[in-house]
Amino acid sequence: MTQSVNKLTAILNAKAPYSNAAGKDALDITLIFGSFEQSTSLFFQGDGVWQLIQGQDGNIISVKDYLKTFSAFEFYDIDNIYICQESLIERGLAADFHIEQVQVLAKKEFADKLATHHTILRF
Amino acid sequence: MPTLHIVRQSAFNSDDFAQCIQVLRDNDVIVFIDDGCYNLHHKLINSIDSEANIQLNVIGKHAQARGIKIDEKLFSVINMNNLVELTLTTSRVITWQ
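First to last, the sequence lines map onto chains A and B.
Heads up, the final residue of the first sequence is numbered 123 in our numbering, and it's a clean run with no missing numbers.
Heads up, the final residue of the second sequence is numbered 220 in our numbering, and it's a clean run with no missing numbers.
Keep in mind the hints are simulated off the structure, nothing from the lab.
Be a bit skeptical, because a hint or two may be false.
Claimed, not checked - A few chain A residues that don't get close to chain B, going by computed Cβ distances all over 10 angstroms: (1) I29; (2) Y66; (3) Y76; (4) H98; (5) K107.
Claimed, not checked - Computed list of lysine-lysine pairs in DSS-like fashion (alpha-carbon distance at most 30 angstroms, straight line): (6) K107(A) x K15(A); (7) K113(A) x K24(A); (8) K24(A) x K107(A); (9) K7(A) x K68(A); (10) K196(B) x K108(A); (11) K166(B) x K113(A); (12) K108(A) x K15(A); (13) K184(B) x K166(B); (14) K166(B) x K108(A); (15) K166(B) x K15(A); (16) K15(A) x K113(A); (17) K113(A) x K7(A); (18) K107(A) x K7(A); (19) K184(B) x K107(A); (20) K107(A) x K68(A).
For glycine and all other residues, C-beta sits at the position ideal for the given N, C-alpha and C.
Just chain A, with the same shape it has in the complex (with noise of 0.2 angstroms):
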């Protein structure tokens, strides 16, 4: 007999967007779970804060903007997006992002919504 658990999977960014592929990664795979139905949530946590401020366009230092898909999450139903509180005062970012249902959460916060997720993949 199977046993059917719906399982909560955490994406954790932590990086920033443009030197490396981990953001791109994150947003791949957050994408497929979306796509099977998965419940997703996604967390961003020190440089991974860059890649949720508003201004931003790779296309000027040639590299592919993944960040405009962002917008995309609602269609996913990828609706629990959270961001450390704590990471944007460090870097002297305000609260103003380029997609909407951004939840920002002090540390402690933080740490407990991200310790309600079953598996937590770390980018």
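Knowing the structure of chain A, use the given hints to seat chain B on it.
Okay, now just chain B, sitting in the frame of chain A:
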């Protein structure tokens, strides 16, 4: 329901361990492995709340290979089999690399 944190990078070279500490919760378990063993010498170790009951482990051979002395009053020395066991006895795993 503890989380197992596998720390693979030196805090002298990356922010990974600092980010790990940001999300630590009571009774979590840390394993220092590969270059993560250098964190035994990093001041961030002292910022871990001593009342949070965080279990600190280090892969003995990895520390030994790097010439890192282990204070066994603070850190438990484990091997790879112990690490596998920890993945089974904790609720979730985060690899900081």
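Verification of the supplied hints:
1. I29: Non-interface label on I29(A) holds, nearest chain B Cβ at 15 angstroms vs cutoff 10 angstroms.
2. Y66: 22 angstroms, holds
3. Y76: 23 angstroms, holds
4. H98: 23 angstroms, holds
5. K107: 6 angstroms, violated
6. K107(A) x K15(A): Judged against 30 angstroms, a Cα distance of about 18 angstroms means the pair holds.
7. K113(A) x K24(A): With a Cα-Cα distance of about 23 angstroms, the restraint between K113(A) and K24(A) holds, given a limit of 30 angstroms.
8. K24(A) x K107(A): 25 angstroms, holds
9. K7(A) x K68(A): Status holds; Cα separation ~28 angstroms.
10. K196(B) x K108(A): 28 angstroms, holds
11. K166(B) x K113(A): Cα-Cα ~27 angstroms, so holds.
12. K108(A) x K15(A): Cα-Cα ~21 angstroms, so holds.
13. K184(B) x K166(B): Holds. K184(B) to K166(B) sits at ~22 angstroms (cutoff 30 angstroms).
14. K166(B) x K108(A): 22 angstroms, holds
15. K166(B) x K15(A): Holds, at about 23 angstroms.
16. K15(A) x K113(A): 20 angstroms, holds
17. K113(A) x K7(A): Holds. K113(A) to K7(A) sits at ~14 angstroms (cutoff 30 angstroms).
18. K107(A) x K7(A): 24 angstroms, holds
19. K184(B) x K107(A): 34 angstroms, violated
20. K107(A) x K68(A): 27 angstroms, holds
Of the numbered hints stated above, those contradicted by the structure are hints 5 and 19, listed in ascending order.
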